[in-house]
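Chain B: place on chain P using the hints.
Protein chains in written order, with the numbering used here: chain P, 1 to 274; chain B, 275 to 591.
Read the hints as simulated data drawn from the structure, not as lab findings.
A virtual CB, placed ideally from N, CA and C, is assigned to each residue, including glycine.
Treat each hint with caution, since some may be false.
Some chain B residues close to chain P (C-beta under 10 Å, calculated; not the full set) [said to hold, decoys possible]:
1) Gln288
2) Val295
3) Leu296
4) Phe303
5) Val419
6) Pro425
7) Leu428
8) Val530
9) Leu534
10) Val545
11) Gly564
Rough simulated footprint, nothing fancy, chain P against chain B, three-plus residues with beta-carbon under 8 Å [said to hold, decoys possible]:
12) 434-440
13) 555-563
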Amino acid sequence: MSLVLEPVRARSLPPSVWPLAALAGLALTGPFLAPQDPNAQDLMRVMEAPSIAHLLGTDHVGRDILSRVLAGAPHSLGLAVLCVALASSVGVALGLIAANSGALVRALIMRLADLMLAFPGLLLALLFAGFLGGGIWPMLIGLKLALWPQYARMAEAVATSVLREGHVEAARLAGFPELTILKRHVLPSVLRAVMPLATLGVGQAIMSISALGFLGLGLKPPTPEWGAMINELLPFLAEGFVQMAAPCLMIFVSVLTLTLAGQALASNSTGRAQ
Amino acid sequence: MNTVLRVIMLRIGQALATAAVLASLCFVFVHALPGDLALRVAAARVGDERVTPETADRIRREEGLDRPLIVQYGQWMGNLAQGDLGRSLLSGKPVKQELAYHASFTLQLGLIGWLLSYLIALPLGIMAGFRPGGVVDRITDALAVTLASLPSFLVGIGLITLFALTLRWLPPAGFRTGAHMVLPAFTLALSLVAFSIPVIRNAVVEVRSAFFMTYARVKGLTPAAAFRHHGVRNAAIPVVTYAALQFAFVIDGFVVIETLFNYPGLGELLVKALIARDVPVIMGAGLVIGFAFAVVSLLADLTRLWLDPRGLEEARA
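Same shape as in the complex, but just chain B:
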């Protein structure tokens, strides 16, 4: 139980550290940008033409921008600690509301893409691992290297050209119907497959050469039964570890794929906010992504402990 608690504490600590670093970074950037901050906020609120020095002064007093930097920094972090992310400079809506709307789209795309990638990678990886150096192994290896050398926007452009522009089976962009999900989800899945096939394949190869597998065969189990009863769980350990690491790679995938397909997820929100320098939204999106990363890592840690209780034993000893 101790280990589980320690793992949870570690990941919470990681999430808090990420949040603190990100929030501080945003604060520094906001104040380091050239020009008067109050004037910029005023311009974003009432429009460029209608800004007067008076509005800027009013905003300076209202928002406390005339106070010492250290006090403002304390306030910035204090608001954040209370869960107050402020309002978007662009739309004027609360950042929380914007994040909740876009996060649901990213979650859908992410889950479907991730499931799809394992539907493709698991059978291929296991088949390749059962016969290292065989035909399937060589084909999947070439496939994985090729996909690993393709940035996700190239995969996406290829799929759009083929299925939307040439065959006209699917819509090229948008988000209204299920058909809109197909191309972005496949793009994400194919970028993930590039890295999960070799991991699954190596895990299977490793497990199959283990002594306990030889023993299971000697005991009289068929290769398939031996793998089902003794192999799967052991092979799953590195795969689960990797699935969490993969999430870090997925993040740039989201940003790029959502922008390419005009899909209203967190990544697209982040890019739009970055281009418009909408700082509260940038920070909010960054925080959500950072937290999601920590949560996924935590889930992976716990799954790994469940699959491989030796981790618990070692900690106790």
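Looking at chain P on its own, in the form it has when it is part of the complex:
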């Protein structure tokens, strides 16, 4: 854990990173904050306008929108984080292996990454989700396959340049084992470079997951995922503007927060103010 946090010491963080904490809090506590059962239907009160009983109104089968939006946070946000965590760890591991091995293994890994990058990413996730019938796993596998190459390329590039530096040579001459050098000298630089990419990546993943939900190829109903909610509410757009706006705004605010944080982290780590 300290290894992951070390390169991002709190005092060096730009201020636009802090709203991420609010997002994380929402993803962790959302379902417990929901005032009502997110899946409880009430067919006597469908598409109701906001009231004291239902602060954001009800949907087409009388479920409380506020509860569903809150309960959906771990699905929409948590899954995106999980997805990027999986993809970036696989990517970084493969990138480090490539940087540390001979020409053949390196070429094999990096050409595979190039090939995957050339393949339209969401198409892959769509195929997996479509064939395996939706649900969490097909989506995670599909998105992971689409996302790992960018982390592998970044990790390989950074690791290769760090391995040529003087302090690594010194550590090697001092007799430290290769793995220690990797952990102490290479990994921190790699993680510092990967962090902004991963932050932006979570935003992209939220968009992909909600897009799959919107297409009806993501999480199965009645799971309160934001994209799936939008899909369900679309036929009632004319009657329920507030109901539709709720999940839409959640997606927009989450992605915007992550984009701003990712951009700030990127300009922070390269020291290039644009």
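Below, chain B alone, put in the same frame as chain P:
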């Protein structure tokens, strides 16, 4: 000439590799799905209630589903190599015919949306690049970040709410008339603009600070003339590279936007086929999209070589 040939070969190779991977993936999925494949094909052909074990057996023999997997795989790839994509399980029509019909709609939407996006992004990006940190730059930057944080279906829903439901200027969905094109094309354009504005802006900033531009000014050209004669072509290089990369992002845009607006393009065809597990159509749509991606990349490579012949020189040296 060598470089041009190599670029073409590389992209053809990429297209073939994509096709092979996609076709193999589809084959694996088809055979890995639970249940008897022959029974499923029979159910799709004659209807769920009328399937008998005999029809399933007949289809098994006709389609060669009783042969070893490796032989079937060879046949699958062989048919594909001859351009035979089979028939839709859903409609029974040849997949090629379905693809041709839907591709024309996607092509229309894509071209109009893409042109529209550059009509918006080029002036804004160039103005922003001419005065980095200025008012236009800050406004377009905020616009680009906002649009980049909006999935295309949110942009589309916003436009439908405003122009179709509230103002009632345009139809919310469909494809019969030109008015039906406006909202989907603008939705696509706005999703593209989010990423092309910063690319154009940075390209312009970069070129304007180059030594040859200072020289052109010293020579006595006005800033506008210097940019017209020396800047545009150089600034275009990263923009063209990006326009091709953008196509990959456009693909999920197509799928989502066409579904949202009920527009009969390839993306909508793909989603319907995925939901119905209509494998021949899924594979066909995937192949067309993969090939289109390779063709766009090839065009971008060639345009880049034409804009920047240094690529040719380097290869020769």
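| field | Status of the hint placing leucine 428/B at chain P (closest C-beta pair under 10 Å) | value | Nearest chain P Cβ about 5 Å off; hint holds.
| With a cut-off of 10 Å, does the beta carbon of valine 545/B approach a beta carbon of chain P closely enough for the hint to hold? | Cβ of valine 545/B sits 5 Å from chain P, so the hint holds.
| task | Grab the minimum C-beta distance from proline 425/B to chain P and call the hint holds if it beats 10 Å, violated otherwise. | result | holds, 4 Å
| query | Are 3 or more residues of the stretch 434-440 of chain B near chain P, judged by a Cβ distance of less than 8 Å? | reply | Our answer is that it holds, as 3 residues pass the Cβ test (under 8 Å) against chain P, meeting three.
| query | Is the shortest C-beta separation between phenylalanine 303/B and chain P less than 10 Å? | reply | Interface hint status for phenylalanine 303/B: holds (4 Å vs cutoff 10 Å).
| query | Within the stretch 555-563 of chain B, is the number of residues with a Cβ closer than 8 Å to a Cβ of chain P three or more? | reply | holds (count 3)
| Given valine 530/B was flagged as interface, is its beta-carbon under 10 Å from a beta-carbon of chain P? | Cβ of valine 530/B sits 5 Å from chain P, so the hint holds.
| Proposed interface contact between valine 419/B and chain P, which counts if any beta carbon pair is under 10 Å | holds, 6 Å
| task | Using Cβ atoms only, decide whether leucine 534/B comes closer than 10 Å to chain P, and label the hint accordingly. | result | holds, 8 Å
| With 10 Å as the cut and Cβ atoms as the points, is valine 295/B at the interface with chain P? | holds, 7 Å
| said: Given glutamine 288/B as an interface hint, is its Cβ closer than 10 Å to any Cβ of chain P? | reply: holds, 6 Å
| task | Report holds or violated for the interface hint on leucine 296/B, using the least CB-CB distance to chain P and a cut-off of 10 Å. | result | holds, 8 Å
Hint violations for this structure: none, all hints satisfied.
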